[in-house]
Amino acid sequence: MIEYIQSGRLTIDKSKHPQLTTAHDPCNYTRKSQMVLGKSYGPEIRWITQQLVDNYVDMYPPDMNNYCCGAGGGAWAMPYDKERIYYGRVKAKQILDSGAELVVAPCHNCRDQIMKGLTKEYQLPIETMYLWELLAESIVIEPWSDEEIAQATTMRDAQFERDGVVMEELEEEEE
Amino acid sequence: MAEPLKVNKKNRKLAVDAKMADLCFTCGTCAGGCPVTGIDGFDPRKAIRMAALGLDDELINSRWPWICTLCGRCENQCPMGINLMKTFRKARGLRDRDKVPGPIHKGTMMNLQRGNNLGIPRDDFLSLLADLGQELAHDGCPGFYVPVDKKGANVITTINSKEPFGEPDDMKFWWKIFYAAKEDWTVSSTNWEGVNWGLFSGDDPAWKEQVGRVLENARRLECKTLLLPE
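Chain order of the listed sequences is U and H.
The opening position of the first sequence corresponds to residue -6 in my numbering, with each subsequent residue numbered one higher.
The opening position of the second sequence corresponds to residue 44 in my numbering, with each subsequent residue numbered one higher.
One thing to keep in mind: the hints can contain errors.
For lysine-lysine, the following DSS-like pairs were computed, each having C-alpha atoms within a straight-line distance of at most 30 angstroms [stated by the list, open to error]:
| # | chain 1 | residue 1 | chain 2 | residue 2 |
| --- | --- | --- | --- | --- |
| 1 | H | Lys267 | U | Lys32 |
| 2 | U | Lys25 | H | Lys49 |
| 3 | H | Lys193 | U | Lys75 |
| 4 | H | Lys205 | U | Lys86 |
| 5 | H | Lys251 | U | Lys9 |
| 6 | U | Lys109 | H | Lys56 |
| 7 | H | Lys205 | U | Lys32 |
| 8 | U | Lys32 | H | Lys251 |
| 9 | H | Lys215 | U | Lys25 |
| 10 | U | Lys113 | H | Lys56 |
| 11 | H | Lys205 | U | Lys25 |
| 12 | U | Lys75 | H | Lys267 |
| 13 | U | Lys109 | H | Lys215 |
Derived DEER-like restraints, expressed as beta-carbon distance ranges [said to hold, decoys possible]:
| # | chain 1 | residue 1 | chain 2 | residue 2 | range |
| --- | --- | --- | --- | --- | --- |
| 14 | U | Gly92 | H | Lys49 | 30 to 40 angstroms |
| 15 | H | Phe68 | U | Leu30 | 22 to 32 angstroms |
| 16 | H | Asp83 | U | Glu135 | 12 to 22 angstroms |
| 17 | H | Leu258 | U | Lys32 | 17 to 27 angstroms |
| 18 | U | Lys32 | H | Glu46 | 47 to 57 angstroms |
| 19 | U | Glu120 | H | Val50 | 47 to 57 angstroms |
| 20 | U | Thr147 | H | Glu178 | 18 to 28 angstroms |
| 21 | H | Lys149 | U | Glu135 | 20 to 30 angstroms |
| 22 | H | Met123 | U | Pro11 | 45 to 55 angstroms |
| 23 | H | Cys70 | U | Pro54 | 13 to 23 angstroms |
| 24 | H | Gln120 | U | Lys86 | 37 to 47 angstroms |
Partner residues aside, some chain U positions facing chain H, computed with beta carbon under 7 angstroms [claimed, not checked]:
| # | residue |
| --- | --- |
| 25 | Arg24 |
| 26 | Ala70 |
| 27 | Val158 |
Derived by calculation from the structure, the hints in this document are not laboratory data.
By construction, the Cβ of each residue, glycine as well, lies at the ideal position given by its N, Cα and C atoms.
Turn these sequences into a full structure, and let the hints steer you where they fit.
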């Protein structure tokens, strides 16, 4: 994502998300990356988010000392729901204290916990998005040229034939 | 009166390395910073003391290693560099497999057998990608399709099985990015699972197998970049 943004391959429209935005640090990209790879990706999460929104605020404490959403380590899938929500009260307070209206979660698990768990249980006045969702919703998408479309369609049809995928054309349904 | 504890190093399952527990100062930094300190009367410090004192089975059979989310905050701040998180993960791994809570062990076995945690068949997966691809092509991204098993693509991406299973439209976020960036990308038709529950269930061989499959796909399709899209 950093490469796409830096190289100018994507055109970004920051005005799409004017609200105050904060980013959650998933344990896997801060502490555990530091342990295993010798580097926390907290700064990258912030950099990307700040290329997409003008109005950014950190939670406290950020990065390496940020709190787990409460659903890490597979807890989202485990049967200890009460404990998972109790765990998340610290994250909920961090989010509330930041004043942010949009929370960016760069991890599937964290996003589910914040969006489907904490927002409801602690009545947080927020919207939650994946980091790549925020990027996808911030870019200005230019349709491909006719030539590019024709080339892609040829490749698509060859792939469908190889894999035995039968497609119904959408046009008929739309009429 | 309770029986005195007899610490027998030979029977220890957890504290095989002195670093795992024996160095602990009992300062409580770990417990103070943990959001679930107190649940079931446990906290990270107590759990580490249990490992130090040879109460391995009591720790392994408790809910603690599973209530803990292995977030690593305690380990990050421990002044003695004790591997708290790794010890708790090890305790998870020492649980009998049929007593692993929730679906994470069953999902791991499903993944080993069928290539993803939820057992989605190849044909269903491919037609879902084709349908959603066509939807996106009609929705602002003309020419879009999901390139499957494309040899020599620049980027190969894994997919979190919860998306094709329950939230298929969420896959389109990355697809829009690929479209706008005109990326040369692909996804494997088999073993495309991006979630590694062996990591969470403490199952090292399954963890390794899953990582190996992701790499094998990238090698087979001669892709330069591996994207774990979260």
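Evaluation of the provided hints:
1. Lys267/H x Lys32/U: 22 angstroms, holds
2. Lys25/U x Lys49/H: 35 angstroms, violated
3. Lys193/H x Lys75/U: 45 angstroms, violated
4. Lys205/H x Lys86/U: At roughly 28 angstroms apart (the allowed maximum being 30 angstroms), Lys86/U and Lys205/H satisfy the hint.
5. Lys251/H x Lys9/U: The hint is violated at about 42 angstroms.
6. Lys109/U x Lys56/H: Judged against 30 angstroms, a Cα distance of about 38 angstroms means the pair is violated.
7. Lys205/H x Lys32/U: The hint holds at about 29 angstroms.
8. Lys32/U x Lys251/H: 22 angstroms, holds
9. Lys215/H x Lys25/U: 28 angstroms, holds
10. Lys113/U x Lys56/H: Given that 30 angstroms is the threshold and the Cα spacing comes to 41 angstroms, the pair is violated.
11. Lys205/H x Lys25/U: 23 angstroms, holds
12. Lys75/U x Lys267/H: The hint is violated at about 43 angstroms.
13. Lys109/U x Lys215/H: 20 angstroms, holds
14. Gly92/U x Lys49/H: 30 to 40 angstroms: 55 angstroms, violated
15. Phe68/H x Leu30/U: 22 to 32 angstroms: Holds: the Cβ-Cβ distance is about 28 angstroms, inside 22 to 32 angstroms.
16. Asp83/H x Glu135/U: 12 to 22 angstroms: 56 angstroms, violated
17. Leu258/H x Lys32/U: 17 to 27 angstroms: 21 angstroms, holds
18. Lys32/U x Glu46/H: 47 to 57 angstroms: 48 angstroms, holds
19. Glu120/U x Val50/H: 47 to 57 angstroms: Because 53 angstroms falls inside the window, the suggested range holds.
20. Thr147/U x Glu178/H: 18 to 28 angstroms: Taking Cβ atoms as reference, Thr147/U and Glu178/H lie about 20 angstroms apart, which means the hint holds.
21. Lys149/H x Glu135/U: 20 to 30 angstroms: 45 angstroms, violated
22. Met123/H x Pro11/U: 45 to 55 angstroms: Because 47 angstroms falls inside the window, the suggested range holds.
23. Cys70/H x Pro54/U: 13 to 23 angstroms: Given about 19 angstroms between the Cβ atoms, the range holds.
24. Gln120/H x Lys86/U: 37 to 47 angstroms: 19 angstroms, violated
25. Arg24: Status holds, d = 4 angstroms.
26. Ala70: 5 angstroms, holds
27. Val158: Holds. Min distance 5 angstroms.
Of the hints listed earlier, those the structure fails to meet are numbers 2, 3, 5, 6, 10, 12, 14, 16, 21, 24, in rising order.
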